[in-house]
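Asks: Position chains L and F relative to chain Z; hints supplied.
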Amino acid sequence: MSTATDTMLYLDGVSVAFDGFKAINNLSIIVKPAEMLAIIGPNGAGKTTMMDIITGKTSPDAGQVLFDGRTDLTRLDEAAIANLGIGRKFQKPTVFESHTVWDNLEMALKKPRGIFATLFYTASDADIARISEILETVRLIARKDELAANLSHGQKQWLEIGMLLAQDPKLLLVDEPVAGMTDSETEETAKLLREIATTRSVVVVEHDMSFVRDLGSRVVCLAEGSVLAEGTLDQVSANPVVIERYLGR
Amino acid sequence: MLTQALFRALDKKAVWVIGIFLAVAVLVPMANLLIPAGQFGHVPTYMVSLMGKYLSYAILALALDLVWGYCGILSLGHGAFFALGGYAMGMYLMRQIGTRGVYGHPVLPDFMVFLNWKELPWYWFGFDNFWFAMAMVVSVPGLLAFVFGFFAFRSRVTGVYLSIITQAMTFALLLAFFRNDMGFGGNNGLTDFKDILGSPVQAQSTRAALFAATAIALALSVLICSLIVNSKLGKVMVAVRDAESRTRFLGYPVEYVKLFAFTVSAVMAGIAGALYVPQVGIINPSEFEPGNSIEVVIWAAVGGRGTLIGPIIGAIVVNLGKSWFTTTLPDFWLFALGTLFIFTTLFLPRGIVGLWSQVVGSRRTRRVSDAAPPAAPTPVQSADIERGEDPASFGNGTQAKPAE
Amino acid sequence: MLTHFLRLALLTLSLLLPMQTVHSQDTVDIPAGIAAMGEASLRELGDIVTSLAGTGDPAVVPVLTALGDGNLYVDETSGTVVIQRGSTHLDPLTGEEITLGADADLSRIRVNNGLRRDIDAALAGMTLMSDNPGTRLTAANGFLANPDPANIPLLDEAIAVETDANVLKAMQAARAVTVLGDAEQSLEDRQAAVPVVASGAGRNAITILNAARADAPEELAASIAAAISGLEQERAVWGALQNVWFGVSLGSVLLLAAIGLAITFGVMGVINMAHGEMVMLGAYTTFIVQLVIRQNFPGLLDYSLLIALPCAFLVTGAIGVGIERGIIRWLYGRPLETLLATWGLSLILQQTVRSIFGPTNQMVIAPTWMSGSTEFLGLSITYNRFWIVIFALVVFALLLLILNRTPLGLQMRAVTQNRRMASAMGIRTPFVDAMTFGLGSGIAGLAGVALTQIDNISPNLGQNYIIDSFMVVVFGGVGNLWGTLVGALSLGIANKFLEPYAGAVLGKILILVLIILFIQRRPRGLFALKGRAVEQ
Chain Z
1 MSTATDTMLY
11 LDGVSVAFDG
21 FKAINNLSII
31 VKPAEMLAII
41 GPNGAGKTTM
51 MDIITGKTSP
61 DAGQVLFDGR
71 TDLTRLDEAA
81 IANLGIGRKF
91 QKPTVFESHT
101 VWDNLEMALK
111 KPRGIFATLF
121 YTASDADIAR
131 ISEILETVRL
141 IARKDELAAN
151 LSHGQKQWLE
161 IGMLLAQDPK
171 LLLVDEPVAG
181 MTDSETEETA
191 KLLREIATTR
201 SVVVVEHDMS
211 FVRDLGSRVV
221 CLAEGSVLAE
231 GTLDQVSANP
241 VVIERYLGR
Chain L
1 MLTQALFRAL
11 DKKAVWVIGI
21 FLAVAVLVPM
31 ANLLIPAGQF
41 GHVPTYMVSL
51 MGKYLSYAIL
61 ALALDLVWGY
71 CGILSLGHGA
81 FFALGGYAMG
91 MYLMRQIGTR
101 GVYGHPVLPD
111 FMVFLNWKEL
121 PWYWFGFDNF
131 WFAMAMVVSV
141 PGLLAFVFGF
151 FAFRSRVTGV
161 YLSIITQAMT
171 FALLLAFFRN
181 DMGFGGNNGL
191 TDFKDILGSP
201 VQAQSTRAAL
211 FAATAIALAL
221 SVLICSLIVN
231 SKLGKVMVAV
241 RDAESRTRFL
251 GYPVEYVKLF
261 AFTVSAVMAG
271 IAGALYVPQV
281 GIINPSEFEP
291 GNSIEVVIWA
301 AVGGRGTLIG
311 PIIGAIVVNL
321 GKSWFTTTLP
331 DFWLFALGTL
341 FIFTTLFLPR
351 GIVGLWSQVV
361 GSRRTRRVSD
371 AAPPAAPTPV
381 QSADIERGED
391 PASFGNGTQA
401 KPAE
Chain F
1 MLTHFLRLAL
11 LTLSLLLPMQ
21 TVHSQDTVDI
31 PAGIAAMGEA
41 SLRELGDIVT
51 SLAGTGDPAV
61 VPVLTALGDG
71 NLYVDETSGT
81 VVIQRGSTHL
91 DPLTGEEITL
101 GADADLSRIR
111 VNNGLRRDID
121 AALAGMTLMS
131 DNPGTRLTAA
141 NGFLANPDPA
151 NIPLLDEAIA
161 VETDANVLKA
171 MQAARAVTVL
181 GDAEQSLEDR
191 QAAVPVVASG
201 AGRNAITILN
211 AARADAPEEL
221 AASIAAAISG
231 LEQERAVWGA
241 LQNVWFGVSL
251 GSVLLLAAIG
261 LAITFGVMGV
271 INMAHGEMVM
281 LGAYTTFIVQ
291 LVIRQNFPGL
301 LDYSLLIALP
311 CAFLVTGAIG
321 VGIERGIIRW
331 LYGRPLETLL
341 ATWGLSLILQ
351 QTVRSIFGPT
361 NQMVIAPTWM
371 SGSTEFLGLS
381 ITYNRFWIVI
391 FALVVFALLL
401 LILNRTPLGL
411 QMRAVTQNRR
421 MASAMGIRTP
431 FVDAMTFGLG
441 SGIAGLAGVA
451 LTQIDNISPN
461 LGQNYIIDSF
471 MVVVFGGVGN
481 LWGTLVGALS
491 LGIANKFLEP
501 YAGAVLGKIL
511 ILVLIILFIQ
521 RRPRGLFALK
531 GRAVEQ
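Residue numbers (the UniProt record's numbering), protein chains in the order written: chain Z, 1 to 249; chain L, 1 to 404; chain F, 1 to 536.
Isolated chain Z, as found in the complex (with noise of 0.2 angstroms):
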């Protein structure tokens, strides 16, 4: 357990087998507070079944999921899971599409998450101020009264993002954040997510290798549901492990 401290997720040992088929094999992944964590590997490597088991979608067979250094998130629920400050943002854009872009912000807001709490909320100056801060910095302000359906696949992207931001969450789990994005949106999706990372631990899935590169964090390597290879993009990229079953010559 001594080595659970000091963690903001620690994956250990952890298995999953769906019918037979080893989706996930004895992973072990450590994610320090305030890192920010890149994770690139095949298709079928077990990304997103990671995810799903982290935010407490399926559950492992075998293994410990440590939050925070000492909550076992494999007893948790979804919503026991988000509220403990795990968010995570889908490879497809999942926004609430018949509500606002700002009520999408304001049901994402770290409040309480109670039947009543919710039925007698009434947003508060600072609420509003933090919604319209967000909306800022993922440049939805002009928007903010318009249908999330009637949104850019990019701009659902941040949408997304900013409901992550909203949550105020202790660890982020970005799944493919830049799919659709132009070069320049890519970027600044980067430069956010470096910011994010100063406060939080961040986990990013993520196929492009600029993107990766802009991120300029530790990198993890996975193929068939356990780590391949560990350490800076470099030494990731020369691995020749990594050569032959991911990047290809």
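Derived from the structure by calculation, the hints contain no laboratory data. Misleading hints may appear alongside valid ones.
[As the list claims (entries may be wrong)] Stretches of chain L that chain F covers, calculated by requiring three or more beta carbons in the stretch to come under 8 angstroms of a beta carbon on chain F:
{"hint": "1", "segment": "310–324"}
{"hint": "2", "segment": "345–355"}
[Unchecked claim] A few chain Z residues that face chain L, going by a derived Cβ cut-off under 7 angstroms, partial list only:
{"hint": "3", "residue": "L76"}
{"hint": "4", "residue": "E78"}
{"hint": "5", "residue": "A79"}
{"hint": "6", "residue": "R88"}
{"hint": "7", "residue": "T94"}
{"hint": "8", "residue": "F96"}
{"hint": "9", "residue": "S98"}
{"hint": "10", "residue": "D103"}
{"hint": "11", "residue": "M107"}
{"hint": "12", "residue": "R113"}
{"hint": "13", "residue": "F120"}
{"hint": "14", "residue": "Y121"}
{"hint": "15", "residue": "T122"}
{"hint": "16", "residue": "A223"}
[As the list claims (entries may be wrong)] The calculated lysine-lysine pairs, modelled on DSS-like cross-linking and capped at a C-alpha distance of 25 angstroms, are:
{"hint": "17", "chain 1": "Z", "residue 1": "K144", "chain 2": "L", "residue 2": "K13"}
{"hint": "18", "chain 1": "L", "residue 1": "K194", "chain 2": "L", "residue 2": "K118"}
{"hint": "19", "chain 1": "Z", "residue 1": "K144", "chain 2": "L", "residue 2": "K12"}
Just so you know, these numbers come straight off a predicted model, no measurement behind them. Quick reminder that beta carbons are idealized off the backbone N, C-alpha and C, glycines included.
Replies: Then chains L and F, alone, in the frame of chain Z:
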């Protein structure tokens, strides 16, 4: 806190609806009692009761809309909550008959004397008291919905599975209430009521008062629903409807959001049933028929689900149609109802209200966003439902899907 | 079926046998013996009876019976011996009616008690000794029903020479019953008789034993009581087996009704509330087919069900394709709305049928091979139920074959698993959708044909099955045909086992409640698919 919530609830539309029904609650009884028969403006008593029946149906439809239109839970068992409320009221009315029954027994209702029962079953105790009965009207459907929903939602029974088990629930209750030894009058149900709160049920003034009570109850229901759907909780309910698992990842207790909506809705349905029974004069097990519950769904769909006024309009319009058909062309009513089901789902997914806002909206600003026509289903969606995961479908075809 | 044939064969044999014996045993002239009876003295009569009985020929049985009963007369004028029955007179050997002359002077051939006893013994011995096992069995069962200690030696004699196992068992049982009821027999013998009675006396064993216990000495009563409780246990086991059979029978009906739904709901994810109406239309198709056949080809009436099968499949299948193309395909991805639209459709179909055929029940006559019942290992099995079980299993097997072994099945599974990919690979997904839905509906039609044999054909027929069918599919696990099979059979059996304790209605309520609880524990049913794909 509450005042702010109330203020939010009373937005322009809701104020109008509430105002109209409060006015109706006053005007219709006046037109019945004060204007002499035969004179212009007189509303005959049978008409008052008929309209009262429609309004209690409207409460039921509104209750269903709260769970279906806003929270995406298609309950096919709301008729059961309605009927349970009705039975609670019916039991009170039976106890009020006293010695005026056919057998003249001071305590036992006629059917129990007929079945040679010697004493009142324990669950009939207290129903001679009006307020106890009213407490049961609220708590029996509410408790059933709470227990049922607690297990169902916690086990994440969603979509069509939930619809099917709610249908099984009302079917089981139907079979149970048909049994004579349940002590609820079996096949014949409860009828031959005499008094309510000391006034004869059949009297003109009682009927007018019952109508007024129903209209006020409807106005209150609209207020409560408006309070809920205009709150942040209402937005979370819609979020659950559109993307259940995403809402969960935001940290909302989706199970309890649903449970709240389901229970509130069941209580409303129970109250509707309690208002319905004295106005039609009978409650029997056929109210539990699964077909009845599905009919409620079509009222909400025709009017426009996901709106507060839609289900009310739907309930009134469809039942007016039913009354017309069953007197004029009785053989064609089921054809008409069946066609209505198909037509509404295929061509009018947002109901009359949706159609209205589409017409008005396109005339005013030509904004396509609000009234997007239903798109053809995409293969993605079809793939989703095959996994049985579609939490709920809602009018427009461009809705968000849960993660990945 | 088998017993029927057997009985027929025996009958034929018994008709042939007397002729042979008459010719082979010419040592005793039966007609002469009978003729001699008219003038014989009591002692001579005794000899004649013995010699006639000694022939072992069943043909003498009527004469001897009539003699014992005092119905044998002689016409003093002509010397003819006749049997008098009411006002008619029969030939003692052939049994044909004889018209006596106008001057006939009938007098009864008299017998005394001693002779009568001889006759009874001779008769019983004769039938016990008969060449015909059927006759021997009847005789033994006769002794079983009317035990008389006087018959014990006779039974012993017969048992000694008996070769047929069944008849032997019956004789032993008859002897045991007699011994048991005879207070003069030794206690050991009576004790020994108890298990023989218990095993051999069939359904009446408990009654016989109970009767014997009433006036048996204490020791004997105890062993009788033990035998009774053993029998009752055995009977409970058989009762349970019978319940299993009833359950299987109900389960097969559920399977038939639900299996089409397993296709449309399980494979396509379409909630078809009009599924019950497809069953109902299948039943009405059967009705029409039978009507047409009765009017035009009455000779084929026995095969009308077989002819109705393809008709019902095609009719309901075509309607199913029509529904899919006309309504359902516009609603893919919106299962709740599909549910509503198909519910509306079911109302229309019901009302249509009601307008055409009227609200009253229609009848479909069962073919001869489906009526009646048989006993199998002590279970009573009606043929219609039996054939429905077989039919349900055949339909199930065929469906498995279609899904797993045919190109259409392959395409169906492909479309189910990944619609976009299947479409990209050139599978015409709309065609596959229509065919799948048609198949599901067609099978509902087949179920309708079978249901004509056990249920009323009315416009509401389908409504009675739709909720049960959904329960079966959901209980068994969506998308899994084996789950549907197990679900249907276990629900059927559970229902039949709950019925005796809770009554039919309460049993059904209990089942519904149990399923609701079960779904909440396992929301994806008994045989749920696992994996990331479904967890999404």
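Asks: Looking back at the hints listed earlier, which ones does the structure fail to meet?
Replies: 1, 3, 16
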